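Engineer: Residues per chain are reported as follows:
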Amino acid sequence: MADRFTKGMARNVYYGGGVFVFLLLVGLTFDTMLELPKRDHRENITQSVANGKHLWEKNNCVGCHSLMGEGAYFAPELANVFDRRGGGDEQVFKGFLGAWMAMQPMSVPDRRKMPQFNLTDKEVEELADFLIWTSRINDNDWPPNIEG
Amino acid sequence: MKFESQKVAKPYFIFALVLFVGQILFGLIMGLQYVSGDFLTTYIPFNVARMVHTNLLIVWLLFGFMGASYYLVPEESDTELHSPWLAKLSFWVFAAAGVATILGYLLVPYARLAEITYNDLLPTMGREFLEQPTITKIGIVVVCLAFVYNIGMTVLKGRKTVINMVLITGLIGLSVFFLFSFYNPINLVLDKYFWWWVVHLWVEGVWELILGAVLAFVLIKVTGVDREIIEKWLYVIVALALISGLVGMGHHYFWIGPGEYWLWLGSIFSALEPVPFFMMVVFAFKVVKERRHEHGNAIATTWALGTAVMAFLGAGVWGFLHTLAPVNYYTHGSQLTAAHGHLAFFGAYAMIVMTIISYAMPIMRGRPQGNPIAAQRLERFAFWAMCLSMLGVTLALTVAGAWQIALQRLPESGEALGFMATQDKLAPVFWVREILGVVFLLGLVAYLSSFFVGATESEVDSLEAAAV
Ligand code: HEM
Ligand code: HEM
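Chain order of the listed sequences is A and B.
Counting from 16, one number per residue, gives the positions in the first sequence under the working numbering.
Counting from 18, one number per residue, gives the positions in the second sequence under the working numbering.
Everything labelled a hint here was simulated from the structure, so no lab data went into it.
What you are looking at is a predicted structure, and each value in this text was computed from that prediction instead of being measured.
Just to be clear, a hint being listed does not mean it is correct.
Partner residues are not named here, just some residues of chain B that face chain A (Cβ under 7 Å, in silico) [to be verified]:
hint : residue
1    : D55
2    : Y127
3    : L205
4    : V253
5    : V255
6    : A355
7    : F436
Don't be surprised by glycine CBs; every beta carbon is placed ideally from N, CA and C.
Can you make the complete structure from the sequences, with help from the hints?
Structural biologist: In structure tokens:
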């Protein structure tokens, strides 16, 4: 590297640049926090949605599925399963999810398996509410189509 | 080895490699479950295998980073480690907590584990990579505190070289950003937003400082090139890593709720992230070319060069491949993500840990000029077997990802194939991945065996002669 660019200058770029860009990130984060209420429709987080999120975590659904494209790639995307399997109708989706959870694991040889979680009807309802709420987050129109 | 206390690194390195073997075994189990859905599922469901695979990865890398720091900081600081006793104690605490957590994953259903560990008091479980029970997370914080304190005190009382300063900022950052794992709001968007403050700010932020510092240390040792030159490069590389990588986090904010300006910020800043990785390649080859002496441990030099190249391929090239928002719209959460995740983690972090092990272990075992020729030959074979098979795994997953996108994502709704139907079509590629994964395991076995290859008689003689 050119001799005019000294080690001292390099050090200043490291500390100065690092701190500057970190502050920029913090600033952008504040701005995002102000904008998010308009995009995440948090006013619709009911107790049931909150319980649903805990069930989602306690059963580690994200260890096989992705949710908004993050998680595992072994089983279908679930942020839009409300649209895919419920056609956008809450009652239809709840009916589907109840039946789906009850029939796992399916006995199709060699097909990937989803375990039986032994959830109560109320718990399945809460999971459904969580997935419905999630499907309505403004996520810049991802995924490209209904298959996720 | 200049100081007796550097030896505390040894158990850290050995245990890291043991966990590495476990990680790969569970990877292979998952690889089979991908194509043969009934394999072991009643005992080890896919999600459990995945937690074990990724958590073992993270924990063995942390053991590796700790071992690396305990080895190199006393030497750089030119003083004994502040407290070898504390380092030994935290080794056992960390090892016990790690083993208990993995056994917890394997022996009880995850929901039950959450209950036993009182997850409801402070729910942090059930998020990707952060699946550990809250009590384990607290344990990790305690171990990190003891570790950073020990390293920090050593640096304070000794020489504050550039390598030391970059390393310690990386280690402090690692500990501080982990604290975000305790923040798990009920609002999924906020949860995801700050989840990345652990995951992204680790692998594309502060871990790069650790990577750069360890690489620079090994390069000084094996090449004898002037410290001034190496330190200037190190500063520039880590500076660019932070400048591009911090706001580069935006490439994870495209489709999880945050506003539209992140599409621009994330794309532009993260497009620059390959630059420091590229500079690492130039830097490593330049100093090896200008080396002042031929170090007897030739294979350690190979590891150092290999780390720079493979990190550039995995993080730089495969990262850039899907980092621009219009591309990521189609690739997000596909097999392409897994392709990149594998090559990046292996090339950057698994390989830097093997680099320092390759350099430091022989010294700690009384072989200052490296292992015997036969051992190095075997290690070189293992190096190529692992690197090439991991490249193969990555290429297979890249084909799978591109094919998945073509079938499932590019067509309009109604014409696109469903997720499960698409996965069925990809099965042949997943078989290729699995076979290459077995080759990787063989490479790893060869690597471990190389530790047990002894010296020939003439080598023993010359070693003894040198010692007198
Ligand atoms: C060689 C045999 C290996 C096999 C068969 C294997 C297989 C797998 C599988 C099936 C997954 C889950 C993908 C999914 O969610 O659907 C996974 C995830 C992962 N593996 Fe491996 N793996 C292997 C080695 C490695 C190595 C050597 C590393 C790194 C050093 C690694 C790092 C990871 C990471 C970081 C993830 C999470 C990826 C993500 O979330 O995108 N694996 N692996
Ligand atoms: C050594 C450094 C790196 C490591 C270990 C790494 C690892 C990973 C892993 C494991 C994931 C998957 C996360 C998940 O499960 O959701 C990921 C995602 C991603 N990485 Fe990296 N990465 C590195 C550097 C980079 C760089 C330099 C770039 C850009 C140039 C990049 C671009 C991306 C993008 C765009 C995603 C999101 C993929 C998606 O939308 O599904 N990464 N990375």
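Engineer: So, for every hint listed, does it hold in this structure?
Structural biologist: These are the hints, each one checked on the structure:
no.: 1; hint: D55; result: holds, 6 Å
no.: 2; hint: Y127; result: holds, 5 Å
no.: 3; hint: L205; result: holds, 6 Å
no.: 4; hint: V253; result: holds, 5 Å
no.: 5; hint: V255; result: holds, 6 Å
no.: 6; hint: A355; result: holds, 6 Å
no.: 7; hint: F436; result: holds, 4 Å
Checked against the numbered hints listed earlier, the structure breaks none of them; every hint is satisfied.
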